[in-house]
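A.B. asks: So you can see what is in the structure, the chains are spelled out below.
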Amino acid sequence: MKTTTVGNRNSCMLHGAVQTIKSIEGAVPIIHSTSGCGVQQYAGVSGLSGNGGSGYTGGLGIPSTNFLERQVVFGGSSRLREQLKNTVKIKDGDFYVVLTGCTPELVGDDVPAMTKELQEQQYKAIHISTPGFKGSVHNGYTAALTGLLRQFGKIAGTDGDQQPARKNDRLVNLLGIIPEQDVFWRGNLKGLKDSLKGIGADANVLFGPEADAQEWTTIFNAALNVSFSAHSLEVCEWLESNAGIPYVHFDGYPVGAQQTGELLRCIGKQLDLEQEKVEAWIARKENSERYYILQFLDAYYKYGFQKRFALVGDSAAVLGPARFLTDPLGLLPSLIVVTDDLPQQVRDSIVVQWKEWQPDTEARIVFESDAKIIEELLIAEEIELLLGSSIERRAAERKGIPFVPVSFPLAERIVLTKGYAGFDGAFTLLEDVGDGILSNAGSDRDEQGTNPQPAFSGIGGEIQLQENEIERMRV
Amino acid sequence: MNEIRQRLPRTREKRRGALTAYYGDSAALADELEKEEPRQRIRTYSETDDDEVTFAIRLLGRIRGSVTIIHSPPGCGAIKLEDELKAGGSPWLITNIEENDSILGADDKLREAVDLAYRTWRPEIIFILATPVVAINNDDIQSAATEKEDLYNIPVVPVYAAGFRSRTAVYGYDLVFHALAKYVLKGEPGAPPIPVVNLIGAAGTRTGNIITDLNGAGISYNNVSGSFSISALQRSLGASASIAIDKDDARFLLEWLEEAHSVVHLEEIAPIGLAGTERWLLAAAGAGGSTGQARAYIEEEKAAAEQALKRLRLDGVSVIVDLPPEQAFGIAEFVEELGGVVAALSLTHADSSHAPRLREWASRSNPQVYIQPGQPFEKINALGKLKPALYIGKGEAAVWAARAGITAAAVDSVDLYGFRGVQELAPLLAKALRNPSLSRYLSAGGSSYRAGWLSKSANWHIKQEVK
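Listed in order, the protein sequences are those of chains A and B.
Just so it is clear: in the first sequence, position 361 is 352 by the working numbering, and no numbers are missing.
Just so it is clear: in the second sequence, position 50 is 59 by the working numbering, and no numbers are missing.
The hints are simulated quantities; they were obtained by calculation from the structure and are not laboratory data.
Hints are not guaranteed to be accurate.
As a list, the in silico DSS-like pairs of lysine-lysine whose alpha-carbon atoms are at most 30 angstroms apart [to be verified]: (1) K472(B) <-> K107(A); (2) K80(A) <-> K403(B); (3) K125(A) <-> K107(A); (4) K409(A) <-> K188(A); (5) K394(B) <-> K80(A); (6) K396(B) <-> K440(B); (7) K394(B) <-> K409(A); (8) K195(B) <-> K76(A); (9) K95(B) <-> K403(B); (10) K95(B) <-> K125(A).
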């Protein structure tokens, strides 16, 4: 049973599905739920993802049945039928995806039947069950992707007449970067796509402006799936068993030449690419990275960049940056807080892999999403630099240490193209960390060297963690 | 107000015949709202919008010394996260109801949440906000609240939001004020009246400018606006009168104070624009006992504002104002003060309390009135036909107006109220008209709405409700 938390940064399954579907060009999400569900996603997820906005079809423009009491009592199927019939006349889209929230799921509406009626009128439409009580935004991403793939024939217009996909030996699908929950998703997808281009591989990034129009039509033609998050493993497994596409999995996206090089060598081997070409591309990017790090070196020493740091955020978004800051940059990881809900075996695997990579590390990896517990952990930790979400800013202020906002929710920055993934993403991370350290260099502190701001949600004094709360912090 | 004994207040639809869909002119709408039972309308296509849960969450966040337990699946806390990070606010917990909880109930989880809230923050009051799942599976919130209230000796107050009971999101404010009136605010027999006027606001109300004016005019007030305390609310029971910055938002509290505690409420429109601010301040001064000082202050501020507005005129500019009713009426009047022409009013809802204002507009220019909470598809359609020179609304809707090629100004970034509000709002409108490049650029980018829809009438999907 998921416990009560102070705050919640992982939103719900419906929201994850909405933001996943609306990030696909030509897709129109239709919410079958109460009216507030779409606004909650818009304000509480899109708006906190670097101040993301409505875009083409999001925001207040998302079709929604706006469930009322009469639909709770009598059922909402006929209201959905009416909404679907009119949505295709009003909203311009290539295909329509009905996403159900908590209320119609509890009422028991026959959503597949209503969606089928639309399909029978030759519209491309599918239904995905995404009640908020079934999980987080991450589960919504998984459900949306698997739902799309399972019903792919219906949105591709080839239902019942599918030809075996012809493989493209150089094509990979990139999975696990969750639109909006990863604040830097657009930049990260671009960074990974650009990095792959250098070894002669093509990437389907599937979401956002970097996704070419034909990407969704070639998803089954890919020779390899690359997973950057535990939340894309189910999708990869489905594609392996149903489309024969193997996959490789990484705990988080790569940052910088070392990690991206590892990724490209792995993909190059899987795709049987020319090894010399792969190594030449990696070497070129390593030289580029060395150039920029040399440019940055004076500031590194002048401002004391070699700090003990903590990093808070989704597993996919924190592990790569943490590794880059540790090696090659030489900072000292102290505490890494992973905020997404992960199965125990994935947690164990993350810890084992980190320890294999840094056998002598003193860093602790903690899996926790409760804002209060995270804040107390950060306050207790001897750190000199904090990277995290807007929620963690207050902990940094209390400690009087530099803060770099890098994970969801991110309220105080505008993020459009910025990303940390791939070769060039490392420079963006360096710039952001540098800004955080420099802007803190002259900040006011009291005589104790701290800045006593209130903690998360106005928490004042020191609160002892209760036994059961400590038990939740599995390392 | 007998309904205070009920678990829930009546919806705005039932109390005042609130409409959430309408297309017509001001006179026709006033006619209809003056009837006992206006004809309810429904949409056969709709887009997402705020609901009672989102409004209740925002208002609860403004109550100092409180903790809110959002008893819900995880997504219902998203708006609270946004509210806290962007506007500050009181602490909160979320019970993260899962599938098995939705079937078996989550009463135990709720009790643990109250314990955690008390242990962590030692609040003055704990609110338990119900949500759609809880409304359907019928968790016994009341018994958990009573049990914990006895244990901790602080109010533990259930707020029964369902997300589907009313089409007016502002009903969320009613739910919160009803809960406070029912469980918390108690009059002290024989307590002497306090010679102040209650200043009442709700979640989104900015208060800085109007408080400056109240101080300048020498009006004594009890502040129950912006971020307010339970003790300020308690004091409001003994005040000589109440005046709201936005009386639509605060309507439940205003009426309850009057009916249950004889604190009359002043039916002044929002203090927006020169005339609006003057009327509002004089009304407050009448109740707060300093009319002489207020008049002197008003003359001085008006003269300064009029001087500043000389170069910010909207002479002949056609404008559509798209906001909640009180703000819309106030800004529309200010547009006319600046010489602009109000082509249409777009409201989130309208009910019988708005009939006098609509009647007044009917006798002036009788503008078109659209009632469309959210609903960009209707806005874009209507804007395409009306083609005003300027759109005034909130940011989340202004983006759609701009995409339709209409020069847009969003009022989110300014404090609209009082004399200083005049000097913030007028430059905002002037700047939008001075450089309309963005809307011109956006209109070339295509629309997510089909041409077929845009060629239909904007009320195509509004139908009479069948009872």
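A.B. asks: Of the hints stated earlier, which fail here?
C.D. replies: The structure breaks hints 7 and 8; every other hint is satisfied.
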